[in-house]
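Engineer: Sequence:
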Amino acid sequence: MPMQAQRFVVAIPVRDEADHIGRCLQALDDQANACIDHVVLLLNNCSDETEAVIERLRPTLAVPLAVHVRRFGPEQSNAGHARSEVMELAARIAGPEGIVATTDADGEVARDWAAGIGAAFRHGVDVVCGRVELHPVDAAQIPAALHEDDAREVAYGAMLDEIHALADPDPADPLPRHTEHSGASIAVTVTAYRLAGGMLPLPSGEDRGFLRSLRLVDATVRHAPDVRVTVSGRLLGRAPGGMAETIARRMIRQDEMIDADLEPAEVCLLRATLRARTRAVWQARGTMPHAWPDAVQALAAEAQLPVLEVARCLRARHFGAAWAAIEAASPALVRIEVARRELDLQAAVAQRILAALRASDVPADRADSHPEPAALSA
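The numbering of the sequence shown is UniProt numbering, which starts it at 1 and goes up by one.
Hints in this document: simulated from the structure, not taken from any laboratory. On a predicted model such as this, the values are computed, not experimentally measured, just so you know. Heads up, a few of these hints could be off.
Said to hold, decoys possible - Label-pair restraints from in silico Cβ distances:
#: 1; residue 1: A316; residue 2: A348; range: 31 to 41 Å
#: 2; residue 1: R312; residue 2: D218; range: 40 to 50 Å
#: 3; residue 1: A66; residue 2: A316; range: 31 to 41 Å
#: 4; residue 1: E49; residue 2: G73; range: 36 to 46 Å
#: 5; residue 1: N33; residue 2: L175; range: 20 to 30 Å
#: 6; residue 1: G73; residue 2: L175; range: 55 to 65 Å
#: 7; residue 1: E49; residue 2: D344; range: 41 to 51 Å
#: 8; residue 1: D259; residue 2: A329; range: 19 to 29 Å
#: 9; residue 1: L175; residue 2: D259; range: 43 to 53 Å
#: 10; residue 1: R335; residue 2: E51; range: 23 to 33 Å
#: 11; residue 1: R317; residue 2: E49; range: 23 to 33 Å
#: 12; residue 1: L61; residue 2: P203; range: 38 to 48 Å
Glycine included, every Cβ here is placed at the ideal spot set by N, Cα and C.
Work the whole structure out from these sequences, hints included.
Structural biologist: Right, here's the structure in full:
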């Protein structure tokens, strides 16, 4: 269904954003194709003039606003709980055929943000993740050493992502792409949102948790590099568990380990190739009755798991659930963190792996197809 025929609703959790909410809403109202049908704001224990600012601005905006004021207890006043609730409110307005996008109250989406989301959805995906950039003024307040550390970490993450793209291509998410799953720019069809069970009210990391839930039900995800939002890089956060908390902590003392999602390059390669193999075996259920038992046995050996356990995992309705079960159980795929002091070494290993993948018999342009069940005989 074309995006113009769907209700497109934006969900924003808000906590004491009197200084930013006006620019946030104006950026949404200024979208080039004016396709946003509604903006839903959930005011999470606000104690400043945020609500008054919104009400003063409301008559000047073309996009309708729905404002919900909440007074949560200490255990629920975090960013994750607020985003979970406002996403549900927005999904009800969007309806079963609609689209819900979420951003941050201190963010300013690019003028073509909604258009970029719409373009991605027209390719048939279920989820669109956008890129997030720090506001230049705030970024200038962060020490150069932290920017340098972040640049090295991002570069390494991009190399690991390319390993995945070459070893286990995703037709819905070809290169070029990015690796971010930030609540500042995630859009999802209500169908996929419901299938995933909505967004869990995690105290922090609710955005990454949401993407994990979507993957479990085989939602297709596009990391669109042209969908962009600028957010503040402030050091004093409004709600626990946000970006400000991370920046402030790292300014006091840099984390010894890099992002927990970034693992040693050789483990990344194993994870990508084993996932591709698992997908091929899962897809072959019922289509290759004679070859399938041998394929399961070979997969079990690679995953270092009992054959019966792998066979049980492969009975899952969705590949994402089957893979998650195998990944969680496999001793070969235990998550290993990378120390910051080892980052240069791991980057060199990743470069060697990428050179081999690019030069292999499987060309990078295979990024438009997943391995077929015929790969069982490989």
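Engineer: If a hint holds in the structure, say so; if it does not, say that too.
Structural biologist: A quick look at each hint next to the structure:
no.	hint	in the structure
1	A316 / A348: 31 to 41 Å	holds (37 Å)
2	R312 / D218: 40 to 50 Å	violated (19 Å)
3	A66 / A316: 31 to 41 Å	holds (38 Å)
4	E49 / G73: 36 to 46 Å	violated (23 Å)
5	N33 / L175: 20 to 30 Å	holds (26 Å)
6	G73 / L175: 55 to 65 Å	violated (45 Å)
7	E49 / D344: 41 to 51 Å	holds (48 Å)
8	D259 / A329: 19 to 29 Å	holds (24 Å)
9	L175 / D259: 43 to 53 Å	violated (20 Å)
10	R335 / E51: 23 to 33 Å	violated (42 Å)
11	R317 / E49: 23 to 33 Å	violated (49 Å)
12	L61 / P203: 38 to 48 Å	violated (32 Å)
Hints 2, 4, 6, 9, 10, 11 and 12 from the list above are not met by this structure, while the remaining hints are.
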